[in-house]
Amino acid sequence: MQGALRKNFVSTRNPCKLCAPLGAALVFKGIEGAVPLLHGSQGCSTYIRRYLISHFREPVDIASSNFSEETAIFGGEKNLAAALANIATQYHPDVIGIATTCLSETIGEDMAGILRNIPEDSLNGAPVLVHVSTPSYAGSHAEGFWAATRAVVRRLADRKNVPERPNQINIFPGICSPADLRYLKEIVADFGLSAVFLPDYSQTMDGPGWPEYRALPAGGTSVKEIASMSSSAASLTLGRIACVAQEQTAGEFLRYGSAVAHHPLGMPVGIRETDEFMRVLEKISGTSLTEKYLYERGRLTDAMVDGHKYVFEKKAFVYGEEDLVLGLATFLSEIGIIPVLCASGGKSGHLRRLLAERIPELQGRIETADDEDFAGIAESAKRLRPDILIGNSKGYHIARQLDVPLIRVGFPVHDRIGAQRILHYGYRGALELYDRIVNALLDKKQDDSQVGYSYL
Amino acid sequence: MAEMRILKERERQIGQVSAGEELKILCEKKSLAGSVSQRACVFCGSRVVLYPIADALHLVHGPVGCAAYTWDIRGSLSSGGQLHRMSFSTDLQERDVVFGGADKLYSALVELIDTYQPKAAFVYATCIVGLIGDDVEAVCKRVTLEKGITVLPVHSEGFRGTKKDGYQAACDALARLTGTGSTQGVGPCSINILGDFNLAGEIWMIKEYYQKMGIEVVSTITGDGRVDDIRKAHGAKLNVVQCSGSMTKLAEHMKQTYSIPYIKVSYFGIEDMADALYQVAEFFPAYPQILEKAKVIVQTEVAALMPELRAYRTALNGKKAAIYVGGAFKAVSLVRALRLLGMKTVLAGSQTGNPKDYAQLQDLCDPGTVIIDDANPLELSKFIKEKDVDLLIGGVKERPIAYKVGVGFCDHNHERKEALAGFVGMRNFAREVYSSVMSPVWRFSSRRGGDYIPFRETVVCKAH
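These protein sequence lines are chains A and G, in that order. In terms of this note's numbering, the first sequence has 44 at position 44, counting the first letter as 1, and numbering is strictly consecutive. In terms of this note's numbering, the second sequence has 1216 at position 216, counting the first letter as 1, and numbering is strictly consecutive.
Calculated directly from the structure, the hints in this document are not laboratory data. Cβ coordinates follow ideal geometry from the N, Cα and C atoms, glycine included. Please note: incorrect hints may appear among the correct ones.
Quick list of in silico lysine-lysine cross-link-like pairs, PhoX-like style, CA-CA up to 20 Å [stated by the list, open to error]: (1) G:Lys1029 / A:Lys78; (2) G:Lys1385 / A:Lys78; (3) G:Lys1382 / G:Lys1319; (4) A:Lys314 / A:Lys382; (5) A:Lys224 / A:Lys185; (6) G:Lys1212 / G:Lys1295; (7) G:Lys1319 / G:Lys1385; (8) A:Lys78 / G:Lys1382; (9) G:Lys1382 / G:Lys1344.
One side of the interface only, derived from the structure: several residues of chain G facing chain A at Cβ under 8 Å [what the hints assert, rightly or not]: (10) Val1017; (11) Gly1020; (12) Gly1034; (13) Pro1063; (14) Val1064; (15) Tyr1069; (16) Thr1090; (17) Val1097; (18) Glu1111; (19) Ile1113; (20) Phe1159; (21) Asn1317; (22) Lys1385; (23) Arg1443; (24) Arg1447.
Kindly generate the complete structure, drawing on both the sequences and the hints.
As structure tokens, then:
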């Protein structure tokens, strides 16, 4: 691998990351009956709502404790209490997930103390209160996401040390799409296992229409299910970077506290990562991969043969959350595309090493740019001349400038319909990505051609 | 399912118009904690107002979120450079919060000014900056001296009030630009257009109407705005203010400082658009040809528009609409525009309306219409259901409230890419309303009986 590029600007220009409370809010949206509450200014909630709504196209209600000048000086206890009471009255939630923003973090709110003074049963319906610290000056939305995952497990998982549920596993799926979550569920069920996902926004963030408006969308993992995570047979965390960069993942917490075996894995993007994921499920369930998946895998490798010439040694830029970038780069290396630039706004410090470890065959051909922004990516593009961009919709203007295709994946996708249904995971996800990538390159070739054959 | 209750503290911000009885809507209040307001913060107010100034550098001083969420979201077009569409942030980190971010701000400004050569720079102070006490003013002063361009602080710490206070902070920054340029050559029939943000090129249409009338447009604040034009804005004879919620403060400032009067107008809907032209024409009575030309424009445009509008009106007649927008002044225009399409407004609300706005809405709306200030999703959904509306007009955050329960939607927020102002805008608006309300998709929604009917039930139906 070439050395990581040093960011040569003090400022961030067109950020390739979001702030931590967004990640936390997304986790809370994956818990049944939960309402996220951001302890800070009104704007944080509203901006994050707009950002999530534009991607998922679902109602996303996120409350705010709505700091004022006095709150910023004297502390937010009163506002937080009022917010909790009003949420409880309006929403009747099972859980209120509280994330502290840069504002409340900086004034040094004693959240444990404040929450002690607000007994849960004093609130309408006695919702469970979960707090996660997500100052936006430390880490990106990915860190907020993982921190919230851990906070929920710490708060809600039973303190047990008995693996009473040999058929149950925990899956920490990382930031993926509702379609990915649904597919993971299908796979797990086909292995005869039941799984507790955290988060599970497969339904809350991609559900059907309603006869009338619902304060709380159906779906999500219930408090009871989360409580039972400590008696599962194993935990799978899908995110290699999250596993090494986080202080302690939820999976590690359960391993230490409740002796639940933990399998730190990559996001199952592409063949090798999915193979590893499947082998872990085989091991836990004691059953072999069924024909259904062997066929899925077979169709994928067959398609890869059909299209290999059209993609070979094409240069791709991959960007987004570090774990997604790692997964996508691994997949691209399997189909003959060189991920010449792997960029992320995240800065765990592990991306470069993990890319080298997972893709040894492309030694020296991948540049890593962590702590990167889109202005930096655009500048690298002038030098590296990619044939294709793979990442969220915020890279569109670069693709447009370069006149190369953009394959929209990950989060956010704000300029298309169906972002919540983009499948990235597993053999099926890889096949969908593969078809989209090859066809985008063929489109481009056909459009650019003088002749424009309608036959390949 | 639990019944949707309106929070006690919110009750006085909601009311129904009734004949002969004056409705008092409590407003201009800070949002209630935990209510899930649709409003944003002070920073948002400043950012949306100043955003369209295309040749200025807009640097958000704070952690990355505030800049990331406002990157290239407005549909504000520029006829030249596109610098406003970039998102610049000091991206404060933990060490900056501990040791202060002033040095980082200074370095960021210097590198960005050197790289992008803007005509001026705005530095938006976010929540955290207000807490750690960076002397943004001093940094701006220093860079102004060193770089020779005006660098203006915008005091937009999120917690310092509501979105409206952000408008004020933006106007304060703009006020420091006006009056700094030469007004030489500015003619006697000249105006500034305030409070249009050139969404989808709207200000170009408005400007063209005025220019056809023989009016000189000195500056557009801030749609397709340019720093040098704003500097000489005080040369104009009249300020024409749309979006009065955001821009009245600047107009007031210019009235007091430069004795420039202002009028409030709206460019939405035929009546209001025509009125906006006539009001300006009437301000220059010494030039009667201006009014004559305005009449010709209105006649020509309306004549071109009416046949198509009539067709939409036939289809939309009697349909019911709910309006929930940022400023109440816009809601007033929308009630009129909907009426022109044969539609009835059954809910009208806004994030930032004042008592005057709500009184005007009340006068305009039929008895039974719900008037609401600073609503939340649950309240909006409650009235959408109770009033059985066919259309909601709002922004991205309101959209799923409508779609989820099978109601049509028209985006009238600052993110939209459709021109809705001017006479052409009225046609686009009518088309958009028509294409959402009349779409065949609603027949598959639950509220229109579109759920799957099992075989068993179809057999029973036939048997009867």
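Now the hints, each set against the structure:
1. G:Lys1029 / A:Lys78: Roughly 17 Å between the alpha carbons, so the hint for G:Lys1029 and A:Lys78 holds.
2. G:Lys1385 / A:Lys78: 34 Å, violated
3. G:Lys1382 / G:Lys1319: Given pair G:Lys1382, G:Lys1319 holds - Cα atoms ~18 Å apart, limit 20 Å.
4. A:Lys314 / A:Lys382: 16 Å, holds
5. A:Lys224 / A:Lys185: Holds, because 18 Å separates the two Cα atoms, which is no more than 20 Å.
6. G:Lys1212 / G:Lys1295: Distance of about 11 Å is within 20 Å: holds.
7. G:Lys1319 / G:Lys1385: 14 Å, holds
8. A:Lys78 / G:Lys1382: 28 Å, violated
9. G:Lys1382 / G:Lys1344: 18 Å, holds
10. Val1017: Because about 23 Å separates G:Val1017 from the closest Cβ in chain A, which is outside the 8 Å limit, the hint is violated.
11. Gly1020: 33 Å, violated
12. Gly1034: With a minimum Cβ separation of about 3 Å from chain A (threshold 8 Å), the hint on G:Gly1034 holds.
13. Pro1063: 4 Å, holds
14. Val1064: 5 Å, holds
15. Tyr1069: This interface hint holds because 4 Å falls under the 8 Å limit.
16. Thr1090: 6 Å, holds
17. Val1097: 5 Å, holds
18. Glu1111: Status holds, d = 6 Å.
19. Ile1113: 11 Å, violated
20. Phe1159: 4 Å, holds
21. Asn1317: Constraint on G:Asn1317 not satisfied, violated at 26 Å.
22. Lys1385: Since the shortest Cβ distance to chain A is 6 Å, the answer is holds.
23. Arg1443: This hint is violated: G:Arg1443 lies away from chain A, its Cβ roughly 12 Å from the closest one there, beyond 8 Å.
24. Arg1447: 6 Å, holds
Of the numbered hints given earlier, the model fails hints 2, 8, 10, 11, 19, 21, 23; all others are met.
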